[in-house]
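Q: So the chains spell out like this:
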Amino acid sequence: MVELDLMENTENINKLLARYGVKFGIYKNNEFKEQLFPFDAIPRVIQKDEFSYLERGLKQRVTALNMFLDDIYHDKKIVKDKVIPEDFIFASSGYMPECENVMPVKKIYSHISGIDLVKGKDEKWYILEDNLRVPSGASYPMIARELCRRSSPRTFMENQLEDNRNYAKLLRKTLDNVNVGGHTVILTPGRYNAAYFEHSYLAEKTGAHLVNGSELTVEDDKLYYVDYRGQKERVGAVYRRISDEYLDPMNFNPESVIGIPHIFDVYRKGNVALLNAPGNGIADDKGIYYFVPKMIKYYLGEDAVLQNAPTYLPFYDEDMKYVLENFDRLVLKDVAEAGGYGVVFGSSMTREQKESFIGLMKREPRRFIAQEVIDFQDLDIQEGSGCVARKADLRAFVLMADEPYVWKSGLTRFSRNPDSFIVNSSQGGGFKDTWVLSR
Amino acid sequence: MSRKLDFLYRMELDFSMPAQNHQFTLRIVPHSDERQQIMACEFNLEPECEMHRDTDAFGNTYIYGEAKQQHERFAVTVKGSAEVDGKRHISEKSDGDMRFSHYRFQSQYTKPGDRLLEYYSKNKRDAGENAADYARRLLHAIYTDMEYKQGVTDICTTAEEALAKRQGVCQDYAHIMLSLCRIADIPSRYVVGMMMGEGYSHAWVEIFSDGFWYGMDPTNDKEADDAYIKISHGRDYKDCIVNRGVFNGGGTQTQHIQVIVEQSAETRGK
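Residue numbers (numbering that gives the first Met the number 0), protein chains in the order written: chain A, 0 to 438; chain B, 0 to 269.
The shape of chain B in the complex, shown without the other chains:
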C-alpha cells in the first residue's frame, strides 16, 4: 500500500544589500523511482531568470542558471505530490564484481580516522552477515551513541570529527553510517530529502543489499518508510548540496528553509 503525500520545499535567501549576477545550481527537485512516484511537481524561482535542467553523473535532476538582475531575495519553491510505497526499495543490478564502486570506497567526508576504526571494531560486521541486517544494527548503535544537537558541527564536519564529538545533526549521523558501511564493504550513499514532521530538509543513507537500495535513517533509528521523499543522492554531502551559488554584492544573507510533508489532502481523514 502506498501513501499519498503533499510536499512543499521553500528556500528563501534574503540579502541585506542587492545581489546580482547570481549563479546558482539547485538540487531540489525529487524524481520518481520504484518507491516514490512524483505525481505533480511545480518549480518556482524568484527572481525570474534563464534556467536549464540536466541530470548529473549520480542521476540527480539539477537546475542551474543565472539571475543577472539586482535582487534582494532569492526564493525557490518546489511544490507537488508524491505516492510513496515504504515497503518497496530501489532495485539495481550491480555490474559483475564492480559493486557500485564509487559508493563503496570512502569519500572526502567519510574517510575514517582512528576513532571510526575503533568504533567499527566494536561494531563489526559478522562474517556472512547480510548487509541490510548489519546496517540495521548500525542504525541503532549510532542512534544510541550519538546525541542530536544543533550548532556543534557545521557543513564542513567530517564523520571522524562528528564521532569524536559524539554530537551532531542528520548530516553527521549519515556520514558516520556511510563510513562504517564502507569499512564493511557495503556500497552506501548519502541521501537528501524531505520527511514528514521534520520541517527542514533531512539527510539519511541508502545501503545496497541483495539487489536493492535500502533507505536507513540513523538520526531517527528507523528505515526510510512512506513518510520520506527522496530528492538526491551522492557519495556524501558534497554531491547533494541543495543550493550552490555565487553572486556579486548581497551584503549579509539570511536563509530560511521551510519543508512541509503531509498526508495528501484528498486522502486525509480516510
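Isolated chain A (complex conformation):
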C-alpha cells in the first residue's frame, strides 16, 4: 500500500515542515503567536475529468471578475445597467475611489486569485469565496509535495498525478508578463506576518528578490531597489504581500511604516506593475459574491459553470423575508469581516442574540449576507493510529498572464474541530496536499 507508506511519514514530514519554518502566525488579543500549520498526509484526490470541469469554471469566474474590476474603475456599465445596485459598490469598504481611471498593465487586476470551494455531499462543487487581494497558501502544498516525494518516492511513481512543483514557474511568468522593465520583487511586511514563510519560499523558488518597504524607493517617478551598498536598480514589478491600506503612507494609511512613499503615484503613471492591483477588495466583498454569476452572464454571455452557495441579500425585501422565515438553518456573514470572523450560524444563537442580530440586520441590511449551510463532504484525516472525518475546503489558485491558468493542485484546509465548518488557518485548522490525477 503506497498510501500507507506515505502516511507512516506524517510525523517526519511535520517535523521537517517545522524545521523549514512552515508556520502560520496569528494575532490573538494583540499578541503575535506563531503556530505550526499541521499537515495531514492523506491527500485530497481530484479526478482528471472533475478537475477539468473546475478549471473551466474557475477560468470563467476569474475572467469575469477581472472585467468587473476594470468596469468598476472605469465605465461602471454593470451599475448603469442595474445588474448590481450602487450601494454594493460605493458603500463597500473594498471600493477605492483613488483607483478611478487607473489602468493596470495589460488591464490585469487579479494576477493571482485564490478561489475557495467546497464539495457538497450532493457531489457538487460550490464556490464559497473569491480572494483577489493577497491570497496566500500556495507555498504549503508546494513544500508538502516536495517533502512527501522525498519521504515516499514510491507513492509518486505508482500514482499518476500532476506535478504541482510548476507553481513557481507559473508565478514567475505571471510576474514577468506585466513587468515594465527592471527587477521583480516580492514585497513582504516582514517576519511577523502570518504568511512570512510563504513570502520567502516563493521568492526563493521564483528567483525574485524578497524585499521589505525600506529597501524600495521612488525617484524620478520610478521605483528602485536599493541594495546594501546603496546601489539603486530599477524595479518593474512588485508582487506585494501587503494590503492596499499599508502600501503607501502618502496615499493611504499615513501611519504605515511597511509601505513605500509614492509607490501608488508611480503605479498610476504605469511606471511599475503592482500584483495584485490596488482596489481589488471590491471583488472580494461578500456582498459582491452574490452577483458573480450575474456578472459572468453580463460580461461573457455565459451561464456560470460553478455555482455559488445559495445566497440571500437582506438588502432585497424578498430575501429579507426568506432570511427571517428560515433564520435557524442559515449561516450569516458580515460582509466587512474576513478570515472566518463575523460568521454565525442561525441555529447556534440564543434567543437574545438572535433578536439583537435581526435588529442590526434590519438597520443595516447591506452589511449582511445569508447562505444555506452547505453540507460539505468530510475528508479523512489521521488521528492517532486511525482516521477521523473532518470538514475540508479547497483553495484553487488561478494565475493570469496572457490568459488564465488554473494551478493543478491547491490548498486543502480542514477543520480540526469535529463540529466546525470553519476551516481557515487563522482559526487553527490544518492542511493537506491536493492531488490532481493526470489520467
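Since the hints were made in silico from the structure, they are not lab data. Note that beta-carbon positions come from the ideal geometry of N, C-alpha and C, so glycine has one too. Possibly wrong hints are sitting among the right ones.
Here's a subset of chain A near chain B, in silico, CB distances under 10 Å, partners left out [said to hold, decoys possible]:
1) Val78
2) Lys81
3) Ile88
4) Phe89
5) Ala90
6) Tyr94
7) Glu99
8) Glu214
9) Thr216
10) Asp219
11) Pro248
12) Met249
13) Val256
14) Val265
15) Asp333
Cross-link-like lysine-lysine pairs, in silico, DSS-like; alpha carbons within 25 Å at most [stated by the list, open to error]:
16) B:Lys92 - A:Lys79
17) A:Lys361 - B:Lys121
18) A:Lys123 - A:Lys293
19) B:Lys92 - A:Lys76
We have chain A already, so just place chain B on it with the hints.
A: Below, chain B without anything else, positioned relative to chain A:
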C-alpha cells in the same frame, strides 16, 4: 461681476533637529474652474528638491517629491491671483442614474451614528425639496446648533463625534453637513480652500443640485461667494490633506500656516 483677489498660502514646518529623506505630497495648488480663474500662481518649496506634479482621481492638482538633504525647515509658498465670480457655480453632468456616487455615500469621517440620525430626523429634507434649498436650511441649522471652538476636536474627529460635543472647527462643521446631505441622498463633497479674512486654511462643502455644485460654508452660515478660493475637494478631510509627509529625524516639529486673501492690488480702492 467677478472680483480679482491676490492670495498667499505659506506653510512652514520647523524641525528642532534636522530632518532628511523627507517625502511629501502637497495638495495646495488651486486650479481654474467655472467660478474661479487662477490668473497667476507661483509655487515655491524650500529646500530645493525633485518634484512631480499630477492630478489625482478627484481632479485635484498635487505635487509630490522628496527632500533628501538635511533641512531644519520645510516651507511651501503658493502665491498668485484669481478672478472669482461668486454668482457662478461649477457645472457637471451626472452620468445617468449614477449621480456622483462616491460623493453620495458616506465616507470614513461622515458615517452617521445615532446622534446624526437623530439630528437628521429633526432637520429632515422635505419630499421634493430642492437640494440647494435644503442645504441652505442645513447651513443655518448647523451654524446655530454648533459652537465654534478650537482645541475641542482634532483631525481624527468624525462628524458623529463632533456633533456629540456640539463644538468644533470648520472641518467638523463640514463633516456634519456632508453626513446630513448624504443621508438626504444629495451628492456632496469636502472642500479645502482659502477665504478672505480667515488667516488660515478653511474647509467648507459643495453640494450637487440641478446640474451645479454649490459651495456652502456652515462655519459662517453662508454660501461660498467671491471671497473664497477653492484648492481641492474629496469625500472628506482625508482626501484633501494639504501636506502629507514622512521623514527621518526632525525631532519635534512646529507648523505655521499663513493665508492671506485680499482684493487685488490693481483693483483696490476702486
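Q: Take the hints in turn and mark each one as holding or not.
A: Now for the hints, and whether the structure bears them out:
1. The beta carbon of Val78 of chain A comes within 6 Å of a beta carbon in chain B, closer than 10 Å, and the hint placing it at the interface holds.
2. For Lys81 of chain A, the interface hint holds, the least distance from its beta-carbon to any beta-carbon of chain B being 8 Å, beneath 10 Å.
3. Taken as an interface hint, Ile88 of chain A checks out: its beta carbon lies about 7 Å from the nearest beta carbon of chain B, inside 10 Å.
4. Of the supplied interface hints, the one on Phe89 of chain A holds, with its beta-carbon coming within about 4 Å of a beta-carbon of chain B, less than 10 Å.
5. At about 5 Å, the closest approach between the beta carbon of Ala90 of chain A and any beta carbon in chain B falls short of 10 Å, and the interface hint on this residue holds.
6. Among the interface hints, the one on Tyr94 of chain A holds; its C-beta lies about 8 Å from the nearest C-beta in chain B, closer than the 10 Å criterion.
7. Here the hint on Glu99 of chain A is kept, as its CB sits about 4 Å from the closest CB of chain B, short of 10 Å.
8. With a least beta-carbon distance of about 14 Å to chain B, the hint placing Glu214 of chain A at the interface is violated under the 10 Å criterion.
9. For the restraint placing Thr216 of chain A at the interface with chain B, the shortest Cβ-Cβ distance is roughly 8 Å, inside the 10 Å limit, so the hint holds.
10. Given the 10 Å rule on beta carbons, the hint for Asp219 of chain A holds: about 7 Å separates it from the nearest Cβ of chain B.
11. Hint on Pro248 of chain A holds. Least Cβ distance to chain B is approximately 5 Å, under the 10 Å limit.
12. Because the closest C-beta pair between Met249 of chain A and chain B is about 5 Å apart, less than 10 Å, the hint holds.
13. Among the interface hints, the one on Val256 of chain A holds; its C-beta lies about 9 Å from the nearest C-beta in chain B, closer than the 10 Å criterion.
14. Restraint check, Val265 of chain A versus chain B: the minimum CB separation of about 9 Å is within 10 Å; hint holds.
15. Evaluation of the Asp333 of chain A hint against chain B yields a violated restraint, the C-beta minimum of about 16 Å exceeding 10 Å.
16. As the CA atoms of Lys92 of chain B and Lys79 of chain A are separated by approximately 15 Å, the hinted pair is consistent with the 25 Å bound.
17. Among the hinted pairs, Lys361 of chain A with Lys121 of chain B is consistent with the structure: their alpha-carbon atoms are about 22 Å apart, no more than 25 Å.
18. A threshold of 25 Å between alpha carbons decides the hint, and for Lys123 of chain A with Lys293 of chain A the separation of about 20 Å falls inside it, so the pair holds.
19. The hinted pair formed by Lys92 of chain B and Lys76 of chain A meets the criterion: a straight-line CA distance of about 17 Å does not exceed 25 Å.
Going through the hint list in order, the structure does not satisfy hints 8 and 15.
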